[in-house]
Structures are given as structure tokens and as C-alpha cells.
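K.L.:
Now for the letters of each chain:
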Amino acid sequence: AQTVTQSQPEMSVQEAETVTLSCTYDTSESNYYLFWYKQPPSRQMILVIRQEAYKQQNATENRFSVNFQKAAKSFSLKISDSQLGDTAMYFCAFFFGNEKLTFGTGTRLTIIP
Amino acid sequence: DAMVIQNPRYQVTQFGKPVTLSCSQTLNHNVMYWYQQKSSQAPKLLFHYYDKDFNNEADTPDNFQSRRPNTSFCFLDIRSPGLGDAAMYLCATSARGAYGYTFGSGTRLTVV
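Residue numbers (my numbering), protein chains in the order written: chain F, 5 to 117; chain X, 8 to 119.
Same shape as in the complex, but just chain X (with noise of 0.2 Å):
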């Protein structure tokens, strides 16, 4: 089946310590989406790639970046991982927003 593929699962992480989240797609859609959702709120996106254009919003952290090496893969990398960075991070893909997107499971991001 085609899908959003994101690894690891769980992933701990320490203080201060690089930590890099990955996401995989078999969907072939063009656009891919980085969002972190913490404790019962709403996603809160964080990048998102059109094609190879990367497009960040205003208010992601310096600490955030990502990379798109393929059409298939999405890497999220985290600088220096602070405690207010634990949340759930969710990838997302769409072939035209306008049809909705198709989300992975997540990655529960556990900083110590």
C-alpha cells in the first residue's frame, strides 16, 4: 500500500544532542510537510518542501532544519534539542492540498 513511512517511531534523545527524524513516501506526491504537534493542540507546521523548494515558516526555531534529498525521502534535524522541543512530529505528504494530505505515524520525540 502506498504511505507515509516515518522512523523511528519513539525516539530519546539527549539535551543538547543532535537527533535527526526521517520520513518516507511511496505516494510519489511532490509536496512534503513537517509539523510538530505537542500534547492535544493543533500541527504546527513547521517546513514544507514544494518539489525541491524549501519554504520555512517565520516562527520555526534556527535549531530546526530539513533536507529533501528525493522525492521520496524527508529528513528533520534538530541542532540542539531542548526540553521544549519534545512533541510529536508528524510528516506529511500531498500531491495537491486541495485533496487533503496523507500523514505517518509520527515520531514522539522524548528529550533528557
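Isolated chain F, as found in the complex (with noise of 0.2 Å):
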């Protein structure tokens, strides 16, 4: 079974500044695909980034990319410009073939104005 690790239970950064969520993965695939959610407070989970295993370019969103390093497995989020909109819980999670999404524990972050 495949297990996420979020070793940042919680976060706090200026506003502008640009901060890094941690995460690790554990399994025995080569092809899978990984994403970032984010949970504001009271409001619906949203998909921030998703990166496939396969591909070596890390994936960006605008002001989101991710650092994949698949034989390190690990697979962190960088958010340049920090907004206080970021205010969020974020989730890793690990998705393989027709299982489910497996979630990491979550990083609450707080950008401080």
C-alpha cells in the first residue's frame, strides 16, 4: 500500500514571500500521478497541481510548481508571491491505477499580512 508523508504539520510566511511544502510518497510503482489540493477554511478542496510520474518536467500553475524527484520520491509545492488567499490546509495526495487517492496528513499554512 502506498503511504504520504507530510512532515510540516504547520506553516507560517509573510505575504510576497515564497514558501515550500514538503512531501514524500512511498510505493513500489513507476506509474502514478501526484497532486497538491488546497483547503481553505470553511470552503470547498480544490486540485492545485497535478504531476504524472512519467513525465520528468515539473508541472507549474501559475504561482504553484512542484520539485518531483521520483527516486528520491519526493514531490514538494513552491508558492512564489505568497497571497493571503493562500491561507489554506494543503494535501498531498498519491493516485495509482484504479485505486484511490491516498491523502498525506496535511500542512496548514498561514500567510501573515
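Since the hints were derived computationally from the structure, they do not count as laboratory data.
Don't take every hint at face value.
The calculated lysine to aspartate or glutamate pairs, modelled on DMTMM-like cross-linking and capped at a C-alpha distance of 20 Å, are [unchecked claim]: (1) 51/X / 66/X; (2) 104/F / 64/X; (3) 77/F / 30/F; (4) 104/F / 56/F; (5) 24/X / 92/X; (6) 45/X / 84/X; (7) 104/F / 30/F; (8) 51/X / 64/X; (9) 77/F / 56/F; (10) 51/X / 30/F; (11) 45/X / 66/X; (12) 59/F / 30/F; (13) 24/X / 84/X; (14) 51/X / 103/F; (15) 24/X / 69/X; (16) 104/F / 66/X; (17) 77/F / 33/F; (18) 51/X / 69/X; (19) 59/X / 103/F; (20) 104/F / 60/X; (21) 104/F / 58/X; (22) 45/X / 14/F.
Can you join these two chains into the complex? Each is in its own frame, and there are hints to help.
P.N.:
Okay, here's the thing in C-alpha cells:
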């Protein structure tokens, strides 16, 4: 079974700074998918970014980018020019084949004005 | 806009009184999921439907049941809610899990 670990329960950063959230996972598979989801307080969980394991190029979505290190089984999320609206819980998640998403325990990120 | 809609947004029920939460989708996704999320924890999968095929997680309590009468709708029934069932319940859909899930806004259940 796959496991996903987020070692930073909470983080805070000043507005406009860059922050990196860590995620590691354990799998014996080679073709899989990784995700970062954002869950703002009392609001809907939304997909931030998706990475296909067979693609070496790191995914980017505007201010959000990942550092995918397949050999190290690491998948960190970098948020550049952080904004107050980035305050949320962030979940790293793993998907393979027809199995279900496996979520990490989450990182609570607070952007300080 | 295509979306996943959960009703109600907030639900208060009495200890032991059956309650039903609903989820609808306009995405025409074939897979639907119910998750339970307690405060600041990762979502925990309760069930999922692949079309009409029902899949129950091994550790989902018998107190929880689900129905999917058609592609668009899915219901979560809690037969006898206990205080420990107070949580946010999230519905999600996917066409293919590899592309990610679309989540509803959730129903926050309070048991009094």
C-alpha cells in the first residue's frame, strides 16, 4: 500500500514571500500521479497542481510549482509571491491505477499580512 | 458551471436520529466518493461508486450506508449518529482518478 507523508503540520510565511511545502511518498509503482490539493477554511477542496510520474518536467500553474524527485520519492510544492488567499490546508495526494487517492496528513499554511 | 453540489451545507441532528446527506454532480463523472473529514485531518474514504458498483472501505462502520440511484446523485445515510460521527462529509467525483477529483463544498454534521 502506498503512503504519503507531510512532515510539516503547520507553516507560516509573510505575504509576498516564497514557501515550500514538503511531501514524500512510498510506492513500488513506476507510473502514478501526484497531486496537491488546497482546502481554505470552511471552503471547498480544490486541485492546485498535478504531476504525472512518467514526465520528468516539473508541473507549474501560475505561482504554484512542484519539485518532483522520482528517485527520492519527493514531491514538494513551491508557492511564489504568496498571497493572503493562499492561507489554507494543503494536502499532498497519490494516485495509481484504479485505486483511490491516498492523502497525506496535511500542512496548515498561514500567510501573514 | 459543471460542479459537485452538497446539501445541506450544515446539518444538525440528534444523537441516534437517522440523517441523510446528499450530493449531486453535473460533470457526468462515473465515479463518486464519500469522505469523512474530522478537524484538520486528512479526508478518510468511506465508500466509492464506480458507476453503480458499490465499494465499501473495510473500516467504514456499519452505521454508514450509501445509495446511488443514478449517475448524478449519491446519498450518505447515517443510521444512528453518535457524537463521534460529527465531522465534515465531503463528496467527490472523478472521470478518471488520474486527472484528480472534483470535490463538493461539504456538509458539516453536528450531533447533539
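K.L.:
Flag every earlier hint the structure violates by its number, smallest first.
P.N.:
When the structure is compared with the hints, none of them turns out to be violated.
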